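There are 2 protein chains.
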Amino acid sequence: MSKDVAIIGAGQSAFVRGYAGSIRELVFEAFREAVRDAGLTPGDIAASVVCSAPEYDKQRSPAGLLAEYLGLNPQPCFTVESLCSSGTTGLRVAYGLIKSGLHDIVVVIGFQKMSEITSAEAQERMGRGADIMWESPFGSTMPAYYAMHARAHFARYGTTEEDLALIRVKAGKYGKLNEKAVYRKEVSLEQVLNADTVAGPLKRFDCCANADGAGCLILAGADRAREMSPHPVWILGLGSASDSMTLSGRRSLDGLNCARVAAEQAYAMAGVGPQDIDVAEVHDCFTIAELMAYENLGFAAPGEGAGLIREGQTYLGGKIPVNVDGGLLSKGHPIGATGCSQVRTIVMQLRGQGGPVQVPGAAIGLVHNIGGVGIYGNVIILGR
Amino acid sequence: MSKDVAIIGAGQSAFVRGYAGSIRELVFEAFREAVRDAGLTPGDIAASVVCSAPEYDKQRSPAGLLAEYLGLNPQPCFTVESLCSSGTTGLRVAYGLIKSGLHDIVVVIGFQKMSEITSAEAQERMGRGADIMWESPFGSTMPAYYAMHARAHFARYGTTEEDLALIRVKAGKYGKLNEKAVYRKEVSLEQVLNADTVAGPLKRFDCCANADGAGCLILAGADRAREMSPHPVWILGLGSASDSMTLSGRRSLDGLNCARVAAEQAYAMAGVGPQDIDVAEVHDCFTIAELMAYENLGFAAPGEGAGLIREGQTYLGGKIPVNVDGGLLSKGHPIGATGCSQVRTIVMQLRGQGGPVQVPGAAIGLVHNIGGVGIYGNVIILGR
Numbered sequence: 001m002s003k004d005v006a007i008i009g010a011g012q013s014a015f016v017r018g019y020a021g022s023i024r025e026l027v028f029e030a031f032r033e034a035v036r037d038a039g040l041t042p043g044d045i046a047a048s049v050v051c052s053a054p055e056y057d058k059q060r061s062p063a064g065l066l067a068e069y070l071g072l073n074p075q076p077c078f079t080v081e082s083l084c085s086s087g088t089t090g091l092r093v094a095y096g097l098i099k100s101g102l103h104d105i106v107v108v109i110g111f112q113k114m115s116e117i118t119s120a121e122a123q124e125r126m127g128r129g130a131d132i133m134w135e136s137p138f139g140s141t142m143p144a145y146y147a148m149h150a151r152a153h154f155a156r157y158g159t160t161e162e163d164l165a166l167i168r169v170k171a172g173k174y175g176k177l178n179e180k181a182v183y184r185k186e187v188s189l190e191q192v193l194n195a196d197t198v199a200g201p202l203k204r205f206d207c208c209a210n211a212d213g214a215g216c217l218i219l220a221g222a223d224r225a226r227e228m229s230p231h232p233v234w235i236l237g238l239g240s241a242s243d244s245m246t247l248s249g250r251r252s253l254d255g256l257n258c259a260r261v262a263a264e265q266a267y268a269m270a271g272v273g274p275q276d277i278d279v280a281e282v283h284d285c286f287t288i289a290e291l292m293a294y295e296n297l298g299f300a301a302p303g304e305g306a307g308l309i310r311e312g313q314t315y316l317g318g319k320i321p322v323n324v325d326g327g328l329l330s331k332g333h334p335i336g337a338t339g340c341s342q343v344r345t346i347v348m349q350l351r352g353q354g355g356p357v358q359v360p361g362a363a364i365g366l367v368h369n370i371g372g373v374g375i376y377g378n379v380i381i382l383g384r
Numbered sequence: 385m386s387k388d389v390a391i392i393g394a395g396q397s398a399f400v401r402g403y404a405g406s407i408r409e410l411v412f413e414a415f416r417e418a419v420r421d422a423g424l425t426p427g428d429i430a431a432s433v434v435c436s437a438p439e440y441d442k443q444r445s446p447a448g449l450l451a452e453y454l455g456l457n458p459q460p461c462f463t464v465e466s467l468c469s470s471g472t473t474g475l476r477v478a479y480g481l482i483k484s485g486l487h488d489i490v491v492v493i494g495f496q497k498m499s500e501i502t503s504a505e506a507q508e509r510m511g512r513g514a515d516i517m518w519e520s521p522f523g524s525t526m527p528a529y530y531a532m533h534a535r536a537h538f539a540r541y542g543t544t545e546e547d548l549a550l551i552r553v554k555a556g557k558y559g560k561l562n563e564k565a566v567y568r569k570e571v572s573l574e575q576v577l578n579a580d581t582v583a584g585p586l587k588r589f590d591c592c593a594n595a596d597g598a599g600c601l602i603l604a605g606a607d608r609a610r611e612m613s614p615h616p617v618w619i620l621g622l623g624s625a626s627d628s629m630t631l632s633g634r635r636s637l638d639g640l641n642c643a644r645v646a647a648e649q650a651y652a653m654a655g656v657g658p659q660d661i662d663v664a665e666v667h668d669c670f671t672i673a674e675l676m677a678y679e680n681l682g683f684a685a686p687g688e689g690a691g692l693i694r695e696g697q698t699y700l701g702g703k704i705p706v707n708v709d710g711g712l713l714s715k716g717h718p719i720g721a722t723g724c725s726q727v728r729t730i731v732m733q734l735r736g737q738g739g740p741v742q743v744p745g746a747a748i749g750l751v752h753n754i755g756g757v758g759i760y761g762n763v764i765i766l767g768r
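Protein chains in written order, with the numbering used here: chain D, 1 to 384; chain H, 385 to 768.
No lab work stands behind these hints, which were simulated from the structure alone. Just so you know, these numbers come straight off a predicted model, no measurement behind them. Even for Gly, the Cβ is constructed at its ideal location relative to N, Cα and C. Fair warning: there could be bad hints in the mix.
The following label-pair restraints were derived from C-beta to C-beta distances [to be verified]: (1) H:Thr425 x D:Gly318: 42 to 52 Å; (2) D:Gly355 x H:Glu508: 22 to 32 Å; (3) D:Pro42 x H:Gly655: 27 to 37 Å; (4) D:Asp44 x H:Gly655: 21 to 31 Å; (5) D:Glu227 x H:Gly655: 25 to 35 Å; (6) D:Ser2 x H:Ser636: 57 to 67 Å; (7) H:Ser386 x D:Pro42: 27 to 37 Å; (8) H:Gly523 x D:Arg36: 20 to 30 Å.
Please construct the entire structure, taking both the sequences and the accompanying hints into account.
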């Protein structure tokens, strides 16, 4: 278990619907918090990696714009994208820049301002994140794709709509406590089950919402991290994998192979297994996505994910608390910001700064962040 | 001078106006050539980094699409962007992934298919690569920005339109010999000087053209490179810097500060100076850009760039041959592909495979690749 690169600062804007400012201001909220948290100034930062999916806001090439606004010229900067997993891809790239010796301190900035376009426009753009020749022209959308995953899981393993609803109830319970979440209300099992259908079996509360938001992480090499931070959080394991962009090219739909492969890599690099994880953030863009994550990450055997939520094992106090910040289902899902927000939640947990949702004594945490419908999968293991 | 990461394969599609196939097929042309050149199969490749600016073609998140088509699942993949310097940003990121120990062999794929949109649409998108709040709404376009640089250089140093035209004449001479270039014709000094004005003092031949194209580089760590390649080309120095996105935020317009800073870094890392470079590829999106590069890279003192071209010192046989493949002015400029194409030219030179434009005994080469109007600057030094 090597400790070469650490996270020494983390920040996040509130995630909201319809942010009134520009992307500069949105990102500044997260950046200011991270810089203060790390106890440094922009001049200490050797490079910036911006994580964002294009075409939601009009500004192209945001890295250059943000570097200027945040006082990060003339340090190098660029943008990375792997759809909804862009934030953790940025973290992986920053790890490489630091461990290779190119830079000592790198800031990872994830953001998305989705409210400049209409819901229908966002839907169309998300469709074009799937194959525009063979799939998206036929009406495939994110809810429809994940609905197919849910149907496949139901058919093979007997999972039910109520199992999915239980996941949403948990998200509401913790979302209520997260002051940066879009949705801060508990929802009952009946409300989830009786909501309008979006793409059967997924109903309104089974789906996360578009949002505007930013997250920011500051990474440093071992020497600088020990020198600058009273509580560095180390990157113990990194896994990353891909799968076909076309869903018709997949062998099965009852799980995400990219998550399985990435998890194996991350566990191997960290020298730990699923049983060693104290707290996890998983990519719950839809309730079925969290359930599949339980299995793909090895928290449950294939087909047994529903058992975990039925028994309450992914609540605080359970075997493996998952998404104690309310997850994407409560927080909202500002594409490029999401991975950074997930990592921030685990950083706070490992520092003992989790407040009302602190997992007592959490020492090892995991982040699972998916891009597109299982096209890109990143798994990160963090430790004190 | 460390030799940790090498380029073991390089490929390029023809650069053309109006490619008839999809981005899959366009990229495949470059990928096939690089894979054959490196003597490996897609299964040997541990990760792929795709370099592309968005909004030219309809497909979003091209990394996932290309990984599937090229047989690169389940290996990790993602997209990087720094406008016209995306290709060399991808190389920098791949260097980090390899030297950090995350991967042994990484493919860098740069491409752009610009012909799916009209020239006017391309112009509008390029404008939105500048600041959409303070500059692009007022009509700033790439030729207009570089025209301001030219005027500033003229005013301060007495550089003339004829100096710029001499650069275009050189580009035509070498472009004629490059079978992958869009424009393969010599142009006379009179033709360049008498062409229609685009943005004074820049005339038609002073400006590169949009194009469709792809470039591909295969990078490996030292052990694999020595084992797999009879002629690895080592990454000796890497420099990268940024400048304000708004040109109104710049201290002067007679050079690009990001290029100066990146060059200093690259020379320091490689332990060489401008006088040690045998052959260079510089980002000549406009003739003035090549002239400023002479100075920003230290081939000439500030204000003395015009002397180099007047004396023919950047021709084959001169002090420092520049853009012996015809440069962007002859090849065309398919945004994401450009940096990879520049690196490929230097790789061929260092292997002695330059054909009619070989610089005898070339041992150290340099690539200068700029994103936006000096927002992003990458300088790479390569050696045998």
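Going down the list of hints, with the structure as the test:
1. Between threonine 425 (chain H) and glycine 318 (chain D) the C-beta distance comes to about 46 Å, which sits within the given range of 42 to 52 Å.
2. For glycine 355 (chain D) paired with glutamate 508 (chain H), a C-beta distance near 47 Å fails the hint of 22 to 32 Å.
3. For the hinted restraint 27 to 37 Å between proline 42 (chain D) and glycine 655 (chain H), the CB-CB distance of approximately 30 Å keeps it satisfied.
4. Between aspartate 44 (chain D) and glycine 655 (chain H) the CB atoms are about 26 Å apart, so this pair conforms to the stated range of 21 to 31 Å.
5. Between glutamate 227 (chain D) and glycine 655 (chain H), the C-beta spacing of about 28 Å keeps the proposed range 25 to 35 Å intact.
6. The hinted window of 57 to 67 Å between serine 2 (chain D) and serine 636 (chain H) is violated, with their beta carbons roughly 45 Å apart.
7. Roughly 30 Å separates the CB atoms of serine 386 (chain H) and proline 42 (chain D), a value that falls within the hinted 27 to 37 Å.
8. Look at glycine 523 (chain H) against arginine 36 (chain D): about 39 Å separates their beta carbons, and that is not inside 20 to 30 Å.
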